[in-house]
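S.K.: If you're matching them up, the sequences are chains H and G in order. Letter by letter, the first sequence follows residues -13 to 46 in the working numbering. Letter by letter, the second sequence follows residues 322 to 618 in the working numbering.
Simulated from the structure, these hints should not be mistaken for laboratory data. As the structure is a computational prediction, the values presented were derived from the model and not from experiment. Just so it is clear, CB atoms sit at the ideal spot from N, CA and C, and this is done for glycine as well. One thing to keep in mind: the hints can contain errors.
What the hints assert, rightly or not - A partial selection of chain G residues facing chain H, derived with a Cβ cut-off under 10 Å: (1) Asn502; (2) Val511; (3) Asp587; (4) Leu591.
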Amino acid sequence: MLGFHVFYFLVISLIACLVFSAMNRNDVPGIVLLGLKRFAVFTSLTALFGAICWGLMEVF
Amino acid sequence: MTTTKKHSVWLSGLLAWLLPGLGHWMLGRHRRAIALCASVMVLYLAGLFASQKWSLIANDFVGLDIRLGPIHIPSSILDPLAAVPESFIGLPNFIAHGTLQFDARGEPSLEPKALVGGLTIGLLLSALAGLINIIGVADAVTIAGDRTGRLTGPGRREPFWGVLLSWLLPGAGHVYAGHRNKGILVGSLVVGAFVIGLILGDGCVLDRQRYPYYFLATMFQGLPTLVGGVATAGFQVDESVDPRRLEVGLLFVGVAGLMNLLVMIDSYNLIESKNLGRAADASGTAPAQPEVVAKKS
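Let's have the full structure, built from the sequences with the hints guiding it.
M.R.: Following this line, the structure appears as structure tokens:
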């Protein structure tokens, strides 16, 4: 259940990061690199905050 | 340096608002004036006709007394959603609404016979006419304010066509702007998200009556929505459709549509930046460098 949503969340996040990067770059390698970098930062932070919130909810 | 005759920006804008195409006519752009006036007026009159406003106006002008019970003009006819963009067409709108108000105060009874579908289509058409005239006003103001002639001169690409092409087919506006690879990449991403959504939702995600808000977001891409809508016309939500997949599918098609709005804005920005760079170059001021600015961020 969770895996299904997480997988498609990652897919749409990757697509969105690439499209948003295309707003800032005009060359394809630049778009892809910037998009991947943003995707890495975005998913890492989401996972971190998600884990913290989940943990807090479990505790309290 | 090429210079054009100086025109009043305010006067051009005012005339373009007052009567579609009048601002362009004053600026000497006669073909554009006729095309703008014809397209806006045809859409506006078609909207009046479809929403049965036309029958109200025609009744007043022709003097036919159709008695169909007490006078009743439904508030939906003056729906603010349509009235706001409509107000960007000055004189015809005043005439139409002035006539309507006069008719509402008069003795002859008249009941608009608009069907809900016709009313909605009519409101959308007249609102679209107003939105096109906003572009017309902006264009007239741009032409009038262009001291160098480079911003509006021959050889430039039209941002309007870039946006329209991007709406029709995601990425096509970037190809038009000269960024072929970027257009293909962006178009593949947006259309890819849309197709994934269609597959996940088992073709039921473009049901505009069941999911009107998602459908509105999807409408930001023209051809994929049209093709997808026709291809999945007979699909209905039933027990065989997995609600989890449907939920994610709706998210994908909605996000794809909204992302295409960004793509449309970006294609406009790209073309306009190039045009502004040309204009700045001609006037001797520092040219805009969108590529350099973009790479810094």
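S.K.: Next step is simple, just say for each hint if it's right about the structure.
M.R.: Hint check results:
Residue-level restraint check for asparagine 502 of chain G holds (minimum Cβ-Cβ distance to chain H is 5 Å; threshold 10 Å). Hint status for valine 511 of chain G relative to chain H: holds, with the closest Cβ pair at about 7 Å, below 10 Å. Taking 10 Å as the C-beta cut-off, the interface hint given for aspartate 587 of chain G holds, the closest approach to chain H being about 5 Å. Checking leucine 591 of chain G against chain H by beta carbon gives a least distance of about 7 Å; that is within 10 Å, so the hint holds.
Of the numbered hints given earlier, the model fails none.
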